[in-house]
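Residue numbers (this note's numbering), protein chains in the order written: chain A, 1 to 132; chain B, 133 to 333.
Simulated from the structure, these hints should not be mistaken for laboratory data.
For every residue, glycine included, the Cβ atom is placed at its ideal position computed from N, Cα and C.
One should not assume that every hint holds.
[Unchecked claim] In silico SDA-like cross-links for lysine to any residue, where the CA-CA straight-line distance does not exceed 25 Å:
| # | chain 1 | residue 1 | chain 2 | residue 2 |
| --- | --- | --- | --- | --- |
| 1 | A | K6 | B | L318 |
| 2 | B | K208 | A | R26 |
| 3 | B | K240 | A | P17 |
| 4 | A | K69 | A | W56 |
[As the list claims (entries may be wrong)] Here are a few chain B residues that sit away from chain A, every Cβ distance over 10 Å (derived from the structure):
| # | residue |
| --- | --- |
| 5 | G214 |
| 6 | K220 |
| 7 | N221 |
| 8 | I311 |
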Amino acid sequence: MNTIEKKLAELPYQEMPDGLHARIIRKVIIMNLRVPFLIVLSLLFISLAASSWHLWMRLAENEALSIFKTLIMNLEFDSESLISAVQTMSEVISPLSFLIFLTNIALVGYLIYIYVIFNRMSKNGIIFGQKN
Amino acid sequence: MLLYYGKIINIALYYFSLMASFPQIPKEILMKAKRGDIAAFETILFAYEKPIFNYIRRVVGGAPDAEDITQETFIKFYTHIGSLDPEKNIKSFLFTIATRTAYDWLRKKQKQPKIFSFDDTEFPVETIGDDSTYYNVERLTGLEEALEKIKPQQKSILMLFYREGFSYQEIADIFNLPINTVKTHLRRAKQSLREELSSQI
Chain A
1 MNTIEKKLAE LPYQEMPDGL HARIIRKVII MNLRVPFLIV LSLLFISLAA
51 SSWHLWMRLA ENEALSIFKT LIMNLEFDSE SLISAVQTMS EVISPLSFLI
101 FLTNIALVGY LIYIYVIFNR MSKNGIIFGQ KN
Chain B
133 MLLYYGKIIN IALYYFSLMA SFPQIPKEIL MKAKRGDIAA FETILFAYEK
183 PIFNYIRRVV GGAPDAEDIT QETFIKFYTH IGSLDPEKNI KSFLFTIATR
233 TAYDWLRKKQ KQPKIFSFDD TEFPVETIGD DSTYYNVERL TGLEEALEKI
283 KPQQKSILML FYREGFSYQE IADIFNLPIN TVKTHLRRAK QSLREELSSQ
333 I
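Could you build all of it, start to finish, from the sequences and the hints given here?
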């Protein structure tokens, strides 16, 4: 083997840049989390759809809209009147169903928000340290 | 006689060092990595990140860009490892991805898709023997500087053959070329390098 070939074979390796190994592993871990995240989001969407449908059926069954309209028109801002209004509403729609509905909206909204922020940060190289 | 045995020992040590650079990945680690096991992937990453990074660094000519390309190479490797035949060489698979990723990056950066064609009529094919007048210039320093000046595909082929120890067949598989074409391009690449080195005198 002549000199130039020997020198090519012996070209030194530069050390890995700081953090590159960790960035690669981080990206792989997050890639692995993407599918479970989307599954959770899909299940929450299904739950939101189910609770929305349930609420809508309850409202439609009991002509709730006209009841609520009457309540609001006759509402007086004293404690007895308010308590009575709440009790009437809770006979139409159970507070638990309403709470589940609100929780689903909050969770879905929050997860979408996290997803959008995360995508923006990874495009800007904040999470994976990519240089643009 | 002593010189002859010395030469044999040198060649043996050279090949030993090549083997030591690339530890054999146990098949079970590879199978786990194929199933998405991150710890197994990290074992492979530890084994190959430095050679891959340095190969890319030399091909694209800069460490900052080489970092992004190295990251992209290993992500592609992780994504496509499911399609790797366990009987095949993981080293070739990785360097194939690295080469293509580096070339894609260079094409986008330079916006000249044809620059990476191997059809190069600029350098006529010559046979350069060991007793050639060019031989003496090989002793000069500035090899890395000369490497920077030759074409990326010539750098690739020199690095893959000499530094990383790939065979002609493996290089032919990486570039999807016939073996004789690889030999021709390797000869041309060496000639280009020698001409750059001689211009440094």
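How the hints compare with the structure:
1. A/K6 <-> B/L318: 15 Å, holds
2. B/K208 <-> A/R26: 14 Å, holds
3. B/K240 <-> A/P17: 24 Å, holds
4. A/K69 <-> A/W56: The hint holds at about 16 Å.
5. G214: 13 Å, holds
6. K220: About 22 Å separates B/K220 from the closest Cβ of chain A, which puts it past 10 Å; holds.
7. N221: 19 Å, holds
8. I311: Given that every Cβ of chain A is farther than 10 Å from that of B/I311, nearest at about 19 Å, it holds.
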